[in-house]
Amino acid sequence: MRSPGGGASAVCLRRIRMIHKYKLNGYNICLDVHSGAVHVLDDIAYDLLDYCDEHMTETMPPVIIEKLGGKYDVKELEETYAALYELFEAGQLFSPDDYEQFSDLMTNAPIKSMCINISHDCNLRCEYCFAAKGDFGQGRCLMSFETAKKAIDFIIANSGTRHNLEVDFFGGEPLMNFDVVKKTVEYARSIEKQHNKNFRFTITTNGLLLDDEKIDYINREMHNVVLSLDGRKEINDKLRVTPNGKGCYDIIVPKYQKLVAKRGDKDYYVRGTFTTYSEDFTADVLHMKSLGFDQISIEPVVSDPKLDYSIKYEDLPKVFREYEKLADTVIETRRRGEFFNFFHFMIDLDQGPCAIKRLRGCGCGNEYVAVTPQGDIYPCHQFVGHEEYIMGNLNDGTFDQEMKRRFAKANVYSKENCKNCWAKFYCSGGCNANNFQYEGDILRSHKVGCELEKKRLECAIMIKAALADIGDDTPSACDGEDCFAPC
Amino acid sequence: MKAIKTLNKANLKESAVKGGCGECQSVAQKCEK
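Protein chains in written order, with the numbering used here: chain A, 1 to 487; chain B, 488 to 520.
One chain only, chain B, in its complex shape (with noise of 0.2 Å):
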């Protein structure tokens, strides 16, 4: 947490790249990579 104060590491754009085994368990989930 960045304190504006910012709640989180956001971290989509690097899973778009990274993501898409399919192998998580549903989605607001845990990557099981």
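In isolation and in its complexed conformation, chain A is listed as follows (with noise of 0.2 Å):
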């Protein structure tokens, strides 16, 4: 179902029982915020939402006629309230909010993730690092195996009753100190069972320092593996260089490529990052397919606004435009057979995270911290270097839980930008980190964030329309799931 015209607008209708209509690439897409569904629409149907509230009655109003009548035959309009309808009666249309009970019920919610920052120390000098090119403004460290071994013990003790306990290995560059990764990977198997508990350990590189050993450890040892690369070698050579100002292209993507070779069926990412020098991404994100990798993440740099090379919010019109553009991308690959994933518009319409993870979000700072060399701890890898966010040290066993609750209080109902927002259930509330860094406060949206983050769902939702159009004529689509990848 796809309507003369391509293009986008929006409407967001702004009620308690909210929906968000847009036109996208061609499709009327209505997401019904508080129930999750999504229709297509006819022009007929988007045009008659225009007079359609929560407070629907089965008899349509006589406005409808008087606006509408001249443009579209009576009957039919007759005929598509009575569908809308039908919706409304089924909770799938202007359904009410009544989340907000939720929002607390996780306040006292275990630690069940850790970054742990292995390496206070890197081999590239990257320009955009938001860890200020790999010692966070901390000086130049690496994590010793006894502080590792205590953020191990750490996580266990403070993990209540959860299993699956997840482990990220960051940094800087965490094959800086890969001897300490591997010792702190044997000493967490060597308890986890005693505790019940199962480590997903996960590890971000910069690639220079792969070898074939390393790459056959990641494999077998890491659930998920985040691989750093820009793009096309003019690209990523114009930011990620060496400390002597040299480009890392030549060196990382044979590594890259060797390892996703030998990975087989685990996650992994390769992951770049899009400043205003590359606002034509589409073309970074099909470099990478042609390079073999199809799990493709190219996100917009997190900096300081006033630097030529950051997102500012007059470059939304050119970066949504990219968005569509890498949204019938992915659309027209599909048609042809072939398939890649990309980060941002993976999106799970029927089933996804509950209602009550959707609230909370990354959960940072109360289910989510990151540690430091030094053994402080912070709500994330991104708080870490801003000392009023120090949560406590692993050295001496403190740990701040007041700031713990001030963190499990910031969820979408607890943020005025985000409660009444129709992306409030894929966004969750955004990047706390983010909002502080931009606006000054975790509970104050960043407002480019959101708008991307917002033009990133209407992309995504509107790749989902498309293919279920293609699965009407390939029966082997697997449509419902969140791949594109033919089943």
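Warning: the hint list may mix true and false statements.
Claimed, not checked - Calculated lysine-lysine pairs in the DSS-like style (CA-CA distance at most 25 Å, straight line):
| hint | chain 1 | residue 1 | chain 2 | residue 2 |
| --- | --- | --- | --- | --- |
| 1 | A | Lys-454 | B | Lys-500 |
| 2 | B | Lys-492 | A | Lys-71 |
| 3 | A | Lys-454 | A | Lys-325 |
| 4 | B | Lys-500 | A | Lys-409 |
| 5 | A | Lys-193 | B | Lys-517 |
Quick caveat, the hints were computed from the structure, so don't treat them as lab data.
Taking the hints as your guide, dock the two standalone chains into a single complex.
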């Protein structure tokens, strides 16, 4: 069901019972915010929604004929209104917001995931690095095994009855401290069963130090691996440089290809950053695909808005057009029977996480913490270096439960701009660290980030509509799954 | 999918009552229950 004309436009009917309707790529789409139902509409249904609200009645109001009778046949209007009313009655249109009662359920949640900054040193000096080019402004150093061991003990002790625990090795560059990574994994594995825990490890690397031994180890032990690459050689090498200013593309790409080729079906992402220098990032995504990677993320830079390359409010129209172009590329790729996953277009409209998880998001500072080589505990990796957010220290056993409670209450209903936003169940209140860095308050939404997130969600839902069309003609299409891959 | 064409089986309401176990892996995520 595709309407003539492309482009994008959106209307959010901001009532407590909320829908979000928009036109994109020839599709008329309506999201019923509080049920999660997604409807693809023809033009008459789309226009009719302007005259419907939470007080829908079985009989079509006369004002609709007055307003739309000149444009559409009255019988068609009545038939379409009846179909909309049926959705309303089924709780799939203008459904009520009764989730606030659940928003405080998780204030005493156990800690279940941890970022271990195993290295506050790096062998690259990426211009846009949020970690102050590797050391988070705290001086270059590596985490000792003793501190890493305390981190594992801390998460076990604070995880309550949670079975699945996640630990990310992060930095800086984690491969600069690879022996401690291996010892930490070995230690966690040696004690997980006695505590009824299941550790899942992740590592993020710039790839420079990858070799056959490390590749085999990562593919064996790491549930997920994130490989940093910004795309085309000239884009990557502009900002991702060694201390002597040389690009790293030629060194890392063959290593990534080897790692991915040997990884089988385990999770990985090739992950890059786009800036105002690379607002044509669809070309970077396609370049990554051409290198043989099919799990891809390119994300907007997080940086001081005063810098040349930062994404600012005035850049949004151009970035939006690029996201639309990328969405089109995803669809066309799928039409050809090929696929790649783009991290920010992945959406599960059928199952996904429960509403409670959607209300509280990543759980930073509550379910998730980051630890530094000095043993300091922060709400997440992006708060590291902001000393007012130190929650405690592994060495002296301190932990600020009051700060944990403050982060636990940072959910979509405690953020003024989020509670009446149509995207709240998909972005979950956004990134607290970005809110702090850009707006100075974890509860105040970062405007540029919000707009980007909403655009990506509109594209992701539209892709679902387009893939459903393809599915009508291609019985093997896995409609309902969140991947774009043919079954 | 019901065909207006509705693309999904919306279950947010139900998940609010039954969810919250905290065992999931992030959101737009698999439930591990």
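Cross-check of the supplied hints:
1. For the hint pairing A:Lys-454 with B:Lys-500, the CA-to-CA distance comes to about 22 Å; that is within 25 Å, so the pair holds.
2. For the given pair, B:Lys-492 sits about 22 Å from A:Lys-71 by alpha-carbon distance, which is consistent with the 25 Å threshold.
3. The straight-line distance between the Cα atoms of A:Lys-454 and A:Lys-325 is roughly 16 Å, inside the 25 Å bound, and the hint therefore holds.
4. For the suggested pair B:Lys-500 and A:Lys-409, the alpha carbons sit about 21 Å apart, so the restraint of at most 25 Å is met.
5. Simply put, A:Lys-193 and B:Lys-517 have alpha-carbon atoms about 24 Å apart, close enough for the 25 Å limit, and the pair holds.
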